[in-house]
Every structure is written in structure tokens, then in C-alpha cells.
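Q: Spelled out, the chains give:
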Amino acid sequence: MRVPSESFAQRSSAAAQNASLQARLRVLNGFIIKRNLAFAELEDGEALRDRARAIKEHAIANLDRYLLQLEESVKRLGGAVHWARDGEEAREIILRLARERNVRRVVKSKSMITEEIELNEAFERAGIEAVETDLGEYIVQIAGEKPSHILAPAIHKSKGDIAELFADELGIKDLKEAEEITRAARKQLRENFCAADMGVTGANFAVAETGTVALVENEGNIRLTTTLPRVHVAIMGMEKVIPSLDDLAVFLKVLARSASGQKMSSYVSFISGARRAGEADGAQEFHLVILDNGRTRILENEANRESLYCLRCGACLNVCPVYQKIGGHAYGTVYSGPIGSIITPALAGFEQSKDLPFASSLCGACREICPVRINIPHILLNLRSQWMEGSAGSKSGASFLERAAMRLWACVMSRPRLYNFAHKLLAAFQGPMLNDGKFDRLPFAFGGWTEKRDFPPLAKKSFHSIWKDLKDE
Amino acid sequence: MLSKIRGALKSGPRARSASHDYGASEAYQPAPASSTALRQRAQQISALCDERRESLIKRFQTELELIGGHFYLAESARSACDYVCRVAAAENAKQAVAGRWPVIDRIGLAEAFRALGIHLAVDGSQGVAEGGSGEFIPKAIESVVGITGVDYALADTATLVLLAKKHQPRSASLLPPVHIALVEAGQILSGLDDLFALIRADHKFSDEPPSAVTFITGPSRTADIELTLVVGVHGPQRLHVVVVGG
Numbered sequence: 139m140r141v142p143s144e145s146f147a148q149r150s151s152a153a154a155q156n157a158s159l160q161a162r163l164r165v166l167n168g169f170i171i172k173r174n175l176a177f178a179e180l181e182d183g184e185a186l187r188d189r190a191r192a193i194k195e196h197a198i199a200n201l202d203r204y205l206l207q208l209e210e211s212v213k214r215l216g217g218a219v220h221w222a223r224d225g226e227e228a229r230e231i232i233l234r235l236a237r238e239r240n241v242r243r244v245v246k247s248k249s250m251i252t253e254e255i256e257l258n259e260a261f262e263r264a265g266i267e268a269v270e271t272d273l274g275e276y277i278v279q280i281a282g283e284k285p286s287h288i289l290a291p292a293i294h295k296s297k298g299d300i301a302e303l304f305a306d307e308l309g310i311k312d313l314k315e316a317e318e319i320t321r322a323a324r325k326q327l328r329e330n331f332c333a334a335d336m337g338v339t340g341a342n343f344a345v346a347e348t349g350t351v352a353l354v355e356n357e358g359n360i361r362l363t364t365t366l367p368r369v370h371v372a373i374m375g376m377e378k379v380i381p382s383l384d385d386l387a388v389f390l391k392v393l394a395r396s397a398s399g400q401k402m403s404s405y406v407s408f409i410s411g412a413r414r415a416g417e418a419d420g421a422q423e424f425h426l427v428i429l430d431n432g433r434t435r436i437l438e439n440e441a442n443r444e445s446l447y448c449l450r451c452g453a454c455l456n457v458c459p460v461y462q463k464i465g466g467h468a469y470g471t472v473y474s475g476p477i478g479s480i481i482t483p484a485l486a487g488f489e490q491s492k493d494l495p496f497a498s499s500l501c502g503a504c505r506e507i508c509p510v511r512i513n514i515p516h517i518l519l520n521l522r523s524q525w526m527e528g529s530a531g532s533k534s535g536a537s538f539l540e541r542a543a544m545r546l547w548a549c550v551m552s553r554p555r556l557y558n559f560a561h562k563l564l565a566a567f568q569g570p571m572l573n574d575g576k577f578d579r580l581p582f583a584f585g586g587w588t589e590k591r592d593f594p595p596l597a598k599k600s601f602h603s604i605w606k607d608l609k610d611e
Numbered sequence: 044m045l046s047k048i049r050g051a052l053k054s055g056p057r058a059r060s061a062s063h064d065y066g067a068s069e070a071y072q073p074a075p076a077s078s079t080a081l082r083q084r085a086q087q088i089s090a091l092c093d094e095r096r097e098s099l100i101k102r103f104q105t106e107l108e109l110i111g112g113h114f115y116l117a118e119s120a121r122s123a124c125d126y127v128c129r130v131a132a133a134e135n136a137k138q139a140v141a142g143r144w145p146v147i148d149r150i151g152l153a154e155a156f157r158a159l160g161i162h163l164a165v166d167g168s169q170g171v172a173e174g175g176s177g178e179f180i181p182k183a184i185e186s187v188v189g190i191t192g193v194d195y196a197l198a199d200t201a202t203l204v205l206l207a208k209k210h211q212p213r214s215a216s217l218l219p220p221v222h223i224a225l226v227e228a229g230q231i232l233s234g235l236d237d238l239f240a241l242i243r244a245d246h247k248f249s250d251e252p253p254s255a256v257t258f259i260t261g262p263s264r265t266a267d268i269e270l271t272l273v274v275g276v277h278g279p280q281r282l283h284v285v286v287v288g289g
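Top line first, the protein sequences correspond to chains W and G. 139 is the number of the first residue of the first sequence in our numbering; add one for each residue after it. 44 is the number of the first residue of the second sequence in our numbering; add one for each residue after it.
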């Protein structure tokens with residue numbers, strides 16, 4: 139998973155100053171309001187969230203057992219299971235399947251994991267036409283961009299942008315309203331669906347007990363992708379497995395509500411293998427690809443393990459004040475927002491994503507809204523300290539100066555007499571450095587602190603000396 | 044790969060995250076159930092739904108209309124058939140597709156459409172070859188209206204549940220721009236919990252799951268363009284649900 143080299147600081151600055159992006163991102167608040175209403179409508183939404191978390195905890199704690207059971211169940215249905223250690227292996231598997239079956243055209247449904255492994259680029263290199271069928275993904279594909287939000291990939295584009303795109307790239311002119319654009323896309327993609335040899339989907343959940351892949355959507359493109367082409371390939375992160383069919387009752391209740399405030403999304407498909415004998419539609423072959431790609435690294439790290447519980451609902455993106463200001467592209471990663479900030483270090487390597495755990499005010503809104511109650515701020519702090527201490531084999535992320543300053547600070551703070559002396563010294567000389575009673579500019583490397591905020595002055599008399607004076611009185 | 048996972052899980056003591064006061068992972072037990080227990084539960088649910096039929100129908104209607112579906116309560120098989128014909132006529136349908144659901148036969152749809160000059164292709168019947176030869180799909184693509192029955196309907200979210208079977212193809216409710224679903228009043232349950240209990244008892248799901256189970260909740264929709272809601276994307280643009288009483 140590659141991350142662009144331009145720094146996060148540059149991209150986020152640019153995004154924060156982009157007024158039209160800001161206007162479009164503000165609409166995400168609507169999702170939050172709807173989400174809250176949808177949960178309030180449930181008899182006991184909180185208990186449901188607890189239950190969803192408990193299921194995920196159990197599934198992840200017994201991941202090896204359930205993945206094995208999933209494989210057996212899929213095979214029993216006549217499907218094939220392929221294990222991929224990383225993105226490259228996954229691409230190879232899927233391309234080999236395509237080649238062996240003379241696949242020329244592929245239709246894909248929205249799947250973050252196919253972005254993660256850069257599948258579209260691989261298809262292109264192999265001369266296979268792969269078309270995104272989710273409207274938002276279709277739009278970003280035509281534009282040659284990456285999706286900027288898990289649920290609404292083209293949210294950063296205005297309808298004017300999109301209409302222009304359709305005119306320039308597809309030759310379909312004079313589209314103005316969202317409805318017209320959608321009709322045009324429906325017509326165009328219908329042809330793609332009918333001509334496709336292979337359909338590629340992700341998986342929202344994979345049921346170990348029955349070998350069923352559950353897929354949730356609103357547009358109907360997943361239904362078409364799994365009904366018309368002769369081969370269906372579903373690729374899943376290994377953390378998507380859940381123990382039993384009944385667990386879906388819990389997840390179906392919380393997923394759509396968290397994501398977009400709907401009580402139920404328009405379509406849910408449970409796919410268990412290929413079509414049965416005598417059926418008129420459905421794929422003739424079913425393949426499940428189970429992907430690691432760094433997830434075992436997250437699994438190993440117990441403190442961060444719960445990030446694997448993620449349902450990819452997108453609620454944390456919607457509620458995050460940082461995401462709302464800078465949008466998904468500024469993160470420069472496949473997974474953006476709070477969840478992106480905690481899983482990308484494991485999936486893409488720390489070096490490439492070091493800014494992300496720091497780009498948070500730790501307000502905790504993400505934790506409050508997460509349907510499986512992932513403690514994102516806690517994990518962000520863990521990642522920060524891992525980076526600073528240079529654990530997991532890398533050297534410390536902090537500069538020599540920062541480490542030296544911290545050591546000096548620790549030294550002074552743990553020696554009361556030294557502390558008092560330092561205080562008296564600094565308090566005596568701070569006068570000329572203050573502006574309007576505050577430090578608005580600290581010298582040397584400390585200037586980084588005061589770039590965006592003031593630093594309070596040292597008190598003229600320390601508490602210690604005031605106390606001493608009082609006692610002596 | 045599995046051994047790598049096992050290794051990762053074993054590293055260190057059992058996972059207890061800091062945010063932890065919601066039920067330890069030990070507390071979760073996947074639900075096993077004897078088939079007797081399943082049968083009993085299924086019977087209880089069916090009995091309860093029978094009792095509450097009227098309120099379930101009303102709830103279904105409310106929820107369906109909230110999400111842009113059209114609801115019709117047919118007192119008789121005849122009025123159900125008339126409604127379907129009215130919709131087909133209003134859509135200027137020349138071609139329609141359906142599957143073999145008992146309810147479709149019950150309302151005499153084939154004869155009614157013939158009388159109206161609407162060509163109805165039913166999967167598995169004469170003129171539409173069986174299974175894999177793919178003659179149903181092209182008909183579905185050309186059709187304006189697709190008519191199906193359902194296996195279950197959920198009142199609290201106005202969801203239709205269809206299990207794929209021979210002669211009950213998925214594309215009948217997917218390809219044409221208009222989907223008309225005929226629901227027997229007794230098929231309406233209160234919600235997902237009822238459904239999962241019944242689906243197990245009725246269908247031996249773990250042994251032989253159907254190739255697909257499709258939940259349909261309203262017409263297709265998207266908000267991908269500026270988060271503006273547009274109804275009718277790749278799936279049907281209009282959904283009619285006819286509850287056939289009597």
C-alpha cells in the first residue's frame with residue numbers, strides 16, 4: 139500500500155484552505171444526525187453495540203479456528219478458498235483465476251480491500267477491463283482519482299465537477315442534476331454488467347458456520363455483480379469472519395444505522411457459493427480470497443488488536459473534526475479518518491504513516507460513535523508512544539534534541555531543589571520575552587509549540603515559596 | 044498463514060483492552076440449538092405473528108412508505124391481480140418476467156397479462172428454458188416489470204426476504220426497473236430476530252444454505268453525488284408490495 143510522498147502537513151493545510159471542499163464535507167453532519175435518530179429508535183441500541191463488540195472480540199480471539207471453519211464450509215458448498223499473505227499474492231491469485239477462465243471484462247463493487255491491494259491497476263496491466271460499478275467509485279475511477287471516503291467515495295466532487303467529467307470522458311453532455319447523472323451511469327453500467335465475465339466483491343461479513351458471504355449496499359450493483367457474471371470472486375480481510383449466521387442479526391441492525399442512519403440498507407445479499415443446479419442466474423463459480431497483508435501484525439499487538447473489530451461503517455470519519463476539515467485525500471492512505479490512522483501503520487508500515495496518529499486532538503468522538511466501541515484515542519496514544527520509543531525494531535521517532543530535552547525535563551522535575559532553582563532563575567529573566575503577559579514566541583526548537591498557540595508565563599512566585607512564606611507568618 | 048495467526052494470538056496474556064467493561068469475550072457463546080428447540084421457537088414466533096397480523100401489516104406499510112415504496116393491501120386474490128395489472132399498464136409494460144411462486148398462480152396473473160397483451164416470461168415454464176442456458180436473463184433485461192413472491196417480510200424495516208431457488212430467480216427482482224412483490228399476509232414477521240429463528244428451522248441453513256438470500260428494503264438508491272438522495276440506481280427504481288390477504 140503506497141502512500142504519497144508529499145507530506146501530510148502540506149496536504150492537510152491545502153485541504154483546510156479549500157473552501158469548496160469544506161462546504162461539501164460539512165454535509166457529513168447529516169449522517170451523524172440520522173445515525174443518532176436511527177439508534178434512538180432501537181429498543182436497546184447500547185446493548186446491541188455491546189453485543190456486536192462481544193461477537194467481534196470472540197471471533198478475533200479465535201480467529202484461526204473460525205477461518206478454518208469458514209474454509210471448510212465454503213469448500214463444502216463447492217467453492218474455492220485461496221489464502222493470500224499480502225497484496226501481491228492476492229493480485230496474483232485473482233489474475234491467475236482470470237487468465238485461466240479467459241476473463242476479459244470484470245465488474246467490481248465498492249471494496250476498500252481491492253483499493254488496498256491495488257487490484258484495478260493490476261487488471262489494467264494485464265489488459266483486463268475492470269469497471270467500478272458503485273456510482274461514487276465509478277466517478278473516481280473515470281477521474282483517475284482515489285476514493286476519499288469509505289461510504290461516499292466521490293464526496294469531494296461537486297455535481298458540476300461530475301457532469302463535466304461525464305462530458306469530457308464519456309461524451310455524455312448536458313447533464314445537470316444528480317438524477318440525470320445517475321440515470322446516465324445506470325445505462326452505461328448496465329452494459330458493463332451484462333458483458334462481464336467476472337464479478338469481484340469484498341465481504342462485509344463471512345460466516346464460518348455456513349460459508350456465507352454477506353454484502354450490504356444501496357445501489358444494487360453488488361446484486362448485479364454477484365448475479366450476472368459467470369465467476370464471482372470475493373476478497374476479504376481475515377478479520378471479517380464471524381462465527382454463526384445469527385450473529386448477522388446483530389450486525390445488520392447496527393451497520394446501516396451507524397453508516398448512514400438507515401434502519402436497513404436497500405439490499406443485503408447472503409451469497410453461499412455458486413448457483414445451484416437448475417437456477418437461472420448467479421455465478422457458476424465462487425472463489426473466496428482471504429487476505430492478511432499486515433493484519434497479523436495488528437493481531438500480535440494486543441493493545442491495538444481491537445482495531446480489527448472495525449465494520450468499516452465510516453461513522454468515525456463522519457464525526458471526526460479533523461476529517462471534516464481536511465477530507466480523505468489529505469491522509470494519503472487507502473483508509474482515512476480515525477480508523478485509517480490506527481490501521482495504516484500496521485498495513486503500510488510506520489515510516490510511511492507516522493503523521494497520522496499525531497493528527498488528532500484526541501477528542502474521543504470516534505470512540506463514542508463506533509458501533510463496536512473501538513477505543514481509537516487509546517490506540518492513537520499507543521501508536522504515538524510506540525513511534526517515540528522506537529519499538530518494533532525501528533529507532534525512536536523523536537529527534538535527538540527532543541529526546542535530550544525530555545531527559546533534561548525529567549531530570550529537573552524529579553529533583554525538587556533543582557526544580558525550584560530553575561524556576562527562580564527562569565522567572566527572574568522571563569520578563570523581556572513576554573508579550574502581553576504571555577510567551578507568543580519561544581526560542582529555538584520550542585518555537586514549534588508557539589506557532590499556533592501561546593505558552594503561559596512562569597508564576598512570579600512558585601507555590602512552594604508562597605506556602606513557605608505563609609508558614610513562616 | 045494460519046500458524047502465523049495462531050502465533051500472533053498467543054503472544055502475551057489474553058487480550059483485555061483498556062476500554063473494557065462490555066462483556067468479556069468469554070461471555071459470547073455462539074448459539075447452538077437442538078432442532079426441537081428450534082422448531083418450538085419457530086412455532087412460537089409463527090403463532091405470535093398470526094395474532095398480531097393486523098398491526099404487523101400496518102407497521103410494514105408505514106415503514107415501506109417512509110422509504111419510497113408503494114404499498115397495497117389486497118382483500119382478495121382478484122384485487123391483487125387487478126393492482127398488478129394497473130401498475131403494469133401504467134408503466135406501459137409490453138414485457139414482464141416472473142418466477143414460479145405459488146402466490147403468482149393463486150392470483151391468476153398469467154391469464155390476466157395475456158388478456159392485456161403483456162408478454163409474461165416465467166422462469167422454468169414453456170418458452171423459457173431451464174437454468175443455465177440463460178434465456179431468462181435476456182427476457183428480464185428487456186422487461187419493464189418483474190413480479191415475484193417472497194419467503195418472508197419484516198415489518199419493522201419493510202424488508203422483503205427472498206431465498207434463491209430453482210425457478211425463483213434473483214434477476215426477476217433486480218433487472219427490470221419496476222419490481223412488484225406479492226406477499227402472503229402470513230409471511231410477515233416482526234423483524235430480524237424472528238427471521239433468523241425461522242430461517243434456521245425452516246431451511247436447515249447450516250447444511251444446505253440457498254445460493255443466495257436477498258433482503259430488499261425499498262427501491263435502489265444512492266447519495267454519492269453531493270450526498271443528494273437519488274432513488275433508482277442499478278437495481279429497481281420503483282418497488283410495489285402487494286399484501287394478499289384472505
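By construction, these hints were calculated from the structure, which means they are not laboratory data. Mixed in with the good hints, there may be bad ones.
[Stated by the list, open to error] Here are some of the chain G residues that sit facing chain W, going by a computed Cβ distance under 10 Å:
1) Ile48
2) Ser78
3) Arg82
4) Gln86
5) Ile88
6) Leu91
7) Glu94
8) Glu106
9) Leu116
10) Asn135
11) Val146
12) Val187
13) Thr200
14) Ala207
[Stated by the list, open to error] Capping the alpha-carbon separation at 27 Å, the derived lysine-lysine pairs in DSS-like fashion look like this:
15) Lys463(W) - Lys297(W)
16) Lys172(W) - Lys208(G)
17) Lys606(W) - Lys590(W)
18) Lys297(W) - Lys325(W)
19) Lys213(W) - Lys137(G)
20) Lys314(W) - Lys325(W)
21) Lys325(W) - Lys172(W)
22) Lys213(W) - Lys209(G)
23) Lys213(W) - Lys208(G)
24) Lys137(G) - Lys325(W)
25) Lys599(W) - Lys562(W)
26) Lys492(W) - Lys47(G)
27) Lys297(W) - Lys314(W)
28) Lys599(W) - Lys609(W)
For glycine and all other residues, C-beta sits at the position ideal for the given N, C-alpha and C.
Q: The structure should be examined with respect to each hint, and the outcome stated for every one.
A: Cross-check of the supplied hints:
| no. | hint | result |
| --- | --- | --- |
| 1 | Ile48 | holds, 5 Å |
| 2 | Ser78 | violated, 15 Å |
| 3 | Arg82 | violated, 16 Å |
| 4 | Gln86 | violated, 18 Å |
| 5 | Ile88 | violated, 13 Å |
| 6 | Leu91 | violated, 16 Å |
| 7 | Glu94 | violated, 20 Å |
| 8 | Glu106 | holds, 8 Å |
| 9 | Leu116 | violated, 22 Å |
| 10 | Asn135 | violated, 18 Å |
| 11 | Val146 | violated, 19 Å |
| 12 | Val187 | violated, 14 Å |
| 13 | Thr200 | holds, 4 Å |
| 14 | Ala207 | holds, 6 Å |
| 15 | Lys463(W) - Lys297(W) | holds, 20 Å |
| 16 | Lys172(W) - Lys208(G) | violated, 36 Å |
| 17 | Lys606(W) - Lys590(W) | violated, 37 Å |
| 18 | Lys297(W) - Lys325(W) | holds, 18 Å |
| 19 | Lys213(W) - Lys137(G) | violated, 43 Å |
| 20 | Lys314(W) - Lys325(W) | holds, 16 Å |
| 21 | Lys325(W) - Lys172(W) | violated, 31 Å |
| 22 | Lys213(W) - Lys209(G) | holds, 22 Å |
| 23 | Lys213(W) - Lys208(G) | holds, 20 Å |
| 24 | Lys137(G) - Lys325(W) | holds, 20 Å |
| 25 | Lys599(W) - Lys562(W) | holds, 8 Å |
| 26 | Lys492(W) - Lys47(G) | holds, 26 Å |
| 27 | Lys297(W) - Lys314(W) | holds, 7 Å |
| 28 | Lys599(W) - Lys609(W) | holds, 15 Å |
Hints 2, 3, 4, 5, 6, 7, 9, 10, 11, 12, 16, 17, 19, 21 from the earlier list are contradicted by this structure; the remaining hints agree with it.
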